[in-house]
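Trainee: Spelled out, the chains give:
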Amino acid sequence: MSTILPLTGNESGAEVMRQIAPDVVAAYPITPQTELMHRFADYVADGKVPTELILVESEHSAMSACVGASAAGARVMTATSSQGMALMWEILYIAAALRLPIVMPLVNRSLSAPINIHCDHSDSMGARDTGWLQLYCENCQEIYDTGIQAMKIAENKDVLLPVMVCYDGFILSHTVERVELLEDHEVKGFIGEHIADHPLLDVDNPVTYGPLDLQDFYFEHKRQEAEAMRNAKPVVLQVAEEYEVLSGRKYGLFEEYFSKDAEYIMVCLGSAAGTAKAAVDELRAAGENVGLLKLRVFRPFPAEELVAALADAKRIAVMDRADGVNSIGGPVFSEIRAALYGRSSAKISNYIYGLGGRDIDIEMMKSVFQDMKDGKYAEEAFYLGVRE
Amino acid sequence: MNQMPEHPLERFLRMDRIPHIWCSGCGIGTAVTCFMKALDEAEIDPDKVVVVSGIGCTGRVAGYVKFDSFHTTHGRAVPFATGAKLANPELTVIVFSGDGDLFAIGGNHFIHAARRNVDIKVFCINNFIYGMTGGQVAPTTPLGARTSTSPYGCFEPPFNLPYLAESSGAVYVARWTPLHIRRLTHSMAEAITKKGFSFVEIVSPCPTVYSRYNRLGDGLDMIKYYRDNCRIENWADTKNVPMEMGSEIVVGKFVDIDKPTFLDYQRGQTDGK
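For the protein sequence lines, the chains are A and B, in the order given. Counting along the first sequence from 1, when you hit position 159 you're at 159 in our numbering, and nothing is skipped either side. Count along the second sequence starting at 1, add 388, and that's the number in our numbering.
Looking at chain A on its own, in the form it has when it is part of the complex (with noise of 0.2 Å):
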């Protein structure tokens, strides 16, 4: 039996937090991020949750907290925005570097200078080679599921990495939408009973996070957290399956909507994917070849699934919401190129959009494929929607 409940985004990433139950959170606010921890926080104060609630001085506090109680063997999460998580930074390598399976609601907002407080992907964009697998959310019911799975990944045996659910600030966050949930005995079953790995409160067996590691050792480290990085990949899509039998609900490394036959192709991942499926819609009804492919896991990055599923495209058209600022193109696009290197003759075109908040409607979706139409391509990416 499931429960069915008009929920926001925050409410979403709440409930994935009361259902899941963590030990520890630490967290500090930022908007857009703060109702999600406004509703755990009732949760805690209710005692509807035995988790330990901290509510820290800054993020770059929320993080360390998060990384000490991981790794004393706790089950642990927190949430962030933006300029929050940009303070984190530097506690973000560290908790993948010394493998705790964190899991953390990213709740997408742009970054300063200047202040904006809507979504964008520039925060998690440039996190992305932190070491954290990075899961994408088009709507409120895949912020629920896709928490639920995150924690899964992330205790894996084989992965043991922090994850991060990313979800676009206000249009998802501040959005009311249907969401099914499960029965929190079922995700309690589902990702069952945490058993943390060399826990510091195993007084039996001590260990020792985070001391020197230079020139004899510290190489092979970050090799085993590449290693940790690519063996995700399959871990993705086993929880997924099994996520399948429990809920009904499908996921993948990325969803192929009428993308499989089309010629022109859209790459595009979070809340516009929603937007681009309603222009493929109305362009495929009035007879035209065009397909998306809405990316959700960004890291481990699918190379391999996106060269195969992109083979038979004439134009692609990858979508950024975060500007790569470095005179090539947005990250979606620079790895996606990469990836189609030598491997696809598809003419690949980048389009930045949507930053700081700024509205992205059907038209704008539609010109897209228009453009893949008309041949229209540069070498450096096209900016949708801006005043030049």
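You may find that some hints are simply not true.
What the hints assert, rightly or not - Some chain A residues well away from chain B (every beta-carbon gap over 10 Å; in silico):
| # | residue |
| --- | --- |
| 1 | 24 |
| 2 | 170 |
| 3 | 326 |
Stated by the list, open to error - Computed beta-carbon distance windows for the label pairs:
| # | chain 1 | residue 1 | chain 2 | residue 2 | range |
| --- | --- | --- | --- | --- | --- |
| 4 | A | 363 | B | 545 | 53 to 59 Å |
| 5 | A | 178 | B | 634 | 52 to 58 Å |
| 6 | B | 632 | A | 202 | 38 to 44 Å |
| 7 | A | 363 | B | 632 | 54 to 60 Å |
| 8 | B | 496 | A | 378 | 43 to 49 Å |
| 9 | B | 661 | A | 227 | 52 to 58 Å |
| 10 | A | 184 | B | 545 | 50 to 56 Å |
| 11 | A | 205 | B | 656 | 52 to 58 Å |
| 12 | A | 252 | B | 451 | 53 to 59 Å |
| 13 | B | 632 | A | 205 | 34 to 40 Å |
| 14 | B | 451 | A | 246 | 37 to 43 Å |
By construction, these hints were calculated from the structure, which means they are not laboratory data. Beta carbons: idealized from backbone N, C-alpha and C, even for Gly.
Mind docking chain B on chain A? Use the hints.
Mentor: Leaving out everything else, chain B in the frame of chain A:
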């Protein structure tokens, strides 16, 4: 047609940014008015004033005042201000920010700027809560106070800000409320002309969040509360001025001492070399 005369403080404001975002009954607007009057009282050239704010409701001050101003990231107003002052020591550098910004995420900067006695002025609106982000518990939230993240009352002891400032090394420390507009203005003027790290705490109503969670009424009710419960005690030992829920609030000028600033010390070492 009669033309409206210009408001005497308009020259200090970016009128195209007005009306401001602060809620009715909030104390920040009053404190900003006192600040502008203090600049007049201190006879400071507005072209030599820099206002630096962090994030939060009070962080918006930097955007409304017509001085060179900087709206920094959360917690970093003090180091930005330190940089501005050291780059151009002629400037009067004011940090105008809130309790969450200055004492949680930015707490480390505050104590070290005070310890070094950097010649900047910190005006802190203390409304006991993170107002803008929705009323979360802060390091200034009194024991027992309800917030969006402490629904049954805060159980962490808060900072006593004047004591923290004095023990960290501030040369000027005062506390007032928006009820005490003349005294607050005068203290701000003194802080502005004082040489060294100066701190003025402005205990302020937050009718939208803090007062609502704690059933304290609207802005006017809070001003009445200050009238009935504030005790002016200049030179009070800062150790003895903590605030509790429903308690008396000791206000006044607590510290006014002289000692060399960071630049005095540094120049003492480097002059003639």
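Trainee: Run every hint past the structure and note whether it holds.
Mentor: A quick look at each hint next to the structure:
Interface exclusion of residue 24/A from chain B stands, the closest Cβ pair being 15 Å apart, more than 10 Å. Under the 10 Å C-beta cut-off, the non-interface status given to residue 170/A relative to chain B holds; the minimum distance is some 14 Å. For residue 326/A, the condition that its CB be more than 10 Å from all CB atoms of chain B holds, with the nearest at approximately 23 Å. For residue 363/A and residue 545/B, the Cβ-Cβ distance of about 56 Å falls inside the hinted range of 53 to 59 Å, so the restraint holds.
Taken as a hint, the range 52 to 58 Å is violated for the pair residue 178/A and residue 634/B, whose Cβ atoms sit roughly 45 Å apart. Taken as a hint, the range 38 to 44 Å holds for the pair residue 632/B and residue 202/A, whose Cβ atoms sit roughly 43 Å apart. A hinted range of 54 to 60 Å for the beta carbons of residue 363/A and residue 632/B is consistent with their spacing of about 58 Å. Take residue 496/B and residue 378/A: their Cβ atoms lie about 47 Å apart, and the range 43 to 49 Å holds.
Our hint of 52 to 58 Å for residue 661/B and residue 227/A holds, since their Cβ atoms are close to 55 Å apart. Judged by the Cβ atoms, the range 50 to 56 Å given for residue 184/A and residue 545/B is violated: they are separated by roughly 35 Å. Under the hint 52 to 58 Å, the C-beta atoms of residue 205/A and residue 656/B, about 56 Å apart, fit the expected range. Roughly 46 Å separates the CB atoms of residue 252/A and residue 451/B, a value that falls outside the hinted 53 to 59 Å.
Range check, residue 632/B to residue 205/A: about 47 Å between beta-carbon atoms, so the 34 to 40 Å window is missed. At about 50 Å, the CB distance of residue 451/B to residue 246/A disagrees with the hint of 37 to 43 Å.
Of the numbered hints listed earlier, those contradicted by the structure are 5, 10, 12, 13 and 14.
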